[in-house]
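Line order of the protein sequences matches chains A and B.
Per this note's numbering: the first sequence = residues -8 to 151.
Per this note's numbering: the second sequence = residues -8 to 151.
FYI, nobody ran anything at the bench for these hints, they're computed from the structure.
Check the hints yourself; a few may be wrong.
No distinction is drawn between identical chains; accordingly, a pair holds when it is met within one copy or between any pair of copies.
Claimed, not checked - When the alpha-carbon atoms are kept at most 30 Å apart in a straight line, the in silico DSBU-like pairs for lysine-lysine are as follows:
#1 Lys95 - Lys71
#2 Lys110 - Lys71
#3 Lys106 - Lys95
#4 Lys68 - Lys29
#5 Lys71 - Lys9
What you are looking at is a predicted structure, and each value in this text was computed from that prediction instead of being measured.
Protein chains: 2
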Amino acid sequence: MVTETAAVNVMTAEALLKHWQGHRRLTRRTIDAFPEDKLFQFSLGGMRPFADMAWEFIVMAVPIVDGVSTGNWQEYKGAKATTKSEILRVWDAQTVELDTKFPKIPQHRFSEVDKAFDKWEASGLATIQYAIDNEIHHRGQGYVYLRALGIQPPPFWERD
Amino acid sequence: MVTETAAVNVMTAEALLKHWQGHRRLTRRTIDAFPEDKLFQFSLGGMRPFADMAWEFIVMAVPIVDGVSTGNWQEYKGAKATTKSEILRVWDAQTVELDTKFPKIPQHRFSEVDKAFDKWEASGLATIQYAIDNEIHHRGQGYVYLRALGIQPPPFWERD
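Full structure from sequences and hints, please.
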């Protein structure tokens, strides 16, 4: 990474992964809070059901870390899950995969600009941040679905 | 900041501020997308209207940067805005204030653990991240309100 002499570094790769995994634990609890049928069918304002949003997180997470790490951008290949338990199974497998793959991202790839999936030009860091922010954004929408269903969402501040 | 020899620094304070201000521009557009009455009155699932969420972002932003910077945690003192234009006026004033104050945060305060507002114990970085994540989370909920009102929210990926 090119740093100015005066640059104040505030986050390490390790801290970023920890932050993301904390959010992912909360997202997992949010998925799990939905009754099976509502997860796949309920929505508001013509938006997607939360299962589709959760699946979007999955098709982004490991493929983005692979792409940032290697420069090889491959779309997620697995078949789309059709049950909650299947989503959670893939989710848990990605948790392990992220813990293995993230620490192997070469340092220079965080600042290097690349074209993610041949479409989005950004630094590796910005692309990873986008995945995290997108997860927080849509999970917040899942909270509205849960509230509208009369279900208490998991506490936002709990990440363990 | 105490760093391991092998620590890979991925984000500078400058990049973190830029990231936040990008999100804040999007949040400003989200506030502005609401018709005046809906901003203060519309909600779903028994949740707060979006004006209350936007006000929460305001009472957190500058007070958190002040607290992380100085160790002096002061609640926001201004009177709660009651119109959209008033919210946006305070928002724009905070944008300038953040640009001035954020770069003055002493380096060691990002990693130092403090008790924000005498309540939440975390590093300066974690407290700032919490403010950003909280903004993304609730803004996502504002998107559901807008969709339910038949209003197209601003594109999530545009931050300029």
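ask   = Which holds for Lys68 with Lys29 at a C-alpha limit of 30 Å: within a copy, between copies, both or neither?
value = within (26 Å within a copy, 42 Å between copies)
ask   = Within a copy, between copies, both or neither: where do Lys95 and Lys71 come within 30 Å Cα-Cα?
value = within (27 Å within a copy, 48 Å between copies)
key: Identical-chain pair category, Lys71 with Lys9, by Cα at 30 Å   = within (27 Å within a copy, 36 Å between copies)
request  = Classify it for me, Lys106 with Lys95: is the Cα-Cα distance of at most 30 Å met within a copy, between copies, both or neither?
outcome  = within (20 Å within a copy, 34 Å between copies)
Lys110 and Lys71: within-copy, between-copy, both or neither at 30 Å Cα = This pair counts as within: shortest intra-copy Cα distance 22 Å, inter-copy 43 Å.
Of the numbered hints given earlier, the model fails none.
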